[in-house]
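For the record, in the sequence shown the residue sitting at position 42 is 42 according to full-length UniProt numbering, with numbers rising by one throughout.
Keep in mind that the hints were calculated from the coordinates and are not lab data. Keep in mind it's a predicted model, so treat the numbers as computed, not measured. Think of the CB as a built atom: it goes at the ideal place given N, C-alpha and C, for glycine as much as any other residue.
When the alpha-carbon atoms are kept at most 27 Å apart in a straight line, the in silico BS3-like pairs for lysine-lysine are as follows:
{"hint": "1", "residue 1": "Lys-54", "residue 2": "Lys-99"}
{"hint": "2", "residue 1": "Lys-97", "residue 2": "Lys-54"}
{"hint": "3", "residue 1": "Lys-54", "residue 2": "Lys-95"}
Computed spacing ranges between beta-carbons, pair by pair:
{"hint": "4", "residue 1": "Glu-101", "residue 2": "Pro-59", "range": "23 to 33 Å"}
{"hint": "5", "residue 1": "Glu-34", "residue 2": "Asp-81", "range": "16 to 26 Å"}
{"hint": "6", "residue 1": "Pro-24", "residue 2": "Pro-59", "range": "32 to 42 Å"}
{"hint": "7", "residue 1": "Asp-57", "residue 2": "Ile-82", "range": "16 to 26 Å"}
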Amino acid sequence: MKLEGFAGAGPNYQGVPQTLKERPEDVERNMAAEALADAALAYFESSRLEDPDKIWDDPEYASDLRAAEIEACRPYGFSNDIAATVRREAETRLKHKVKTEMRH
Numbered sequence: 001m002k003l004e005g006f007a008g009a010g011p012n013y014q015g016v017p018q019t020l021k022e023r024p025e026d027v028e029r030n031m032a033a034e035a036l037a038d039a040a041l042a043y044f045e046s047s048r049l050e051d052p053d054k055i056w057d058d059p060e061y062a063s064d065l066r067a068a069e070i071e072a073c074r075p076y077g078f079s080n081d082i083a084a085t086v087r088r089e090a091e092t093r094l095k096h097k098v099k100t101e102m103r104h
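Based on the sequences and whatever the hints tell you, model everything.
Set out below in structure tokens:
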């Protein structure tokens, strides 16, 4: 069966649009963000803070979270720019995790 006129059809994507496939660097970035969000959640749960956004700048946890960020990015050799993206993604994931836990 030949797929003509289908976006992404071709030998590299086996007929699947490129937007549906994650590139390896996206997978690595997502894994690092998830690890950082898990670390941030652990710190947030042990804190008395009510807003997960505040954990990143809280003097008691900021240096530990920075170390967790470095540790999450280290296996992938991410640059500072990519690490900043990982942190932003982790911040979003942390908010979602806190919301999800509050429902249960």
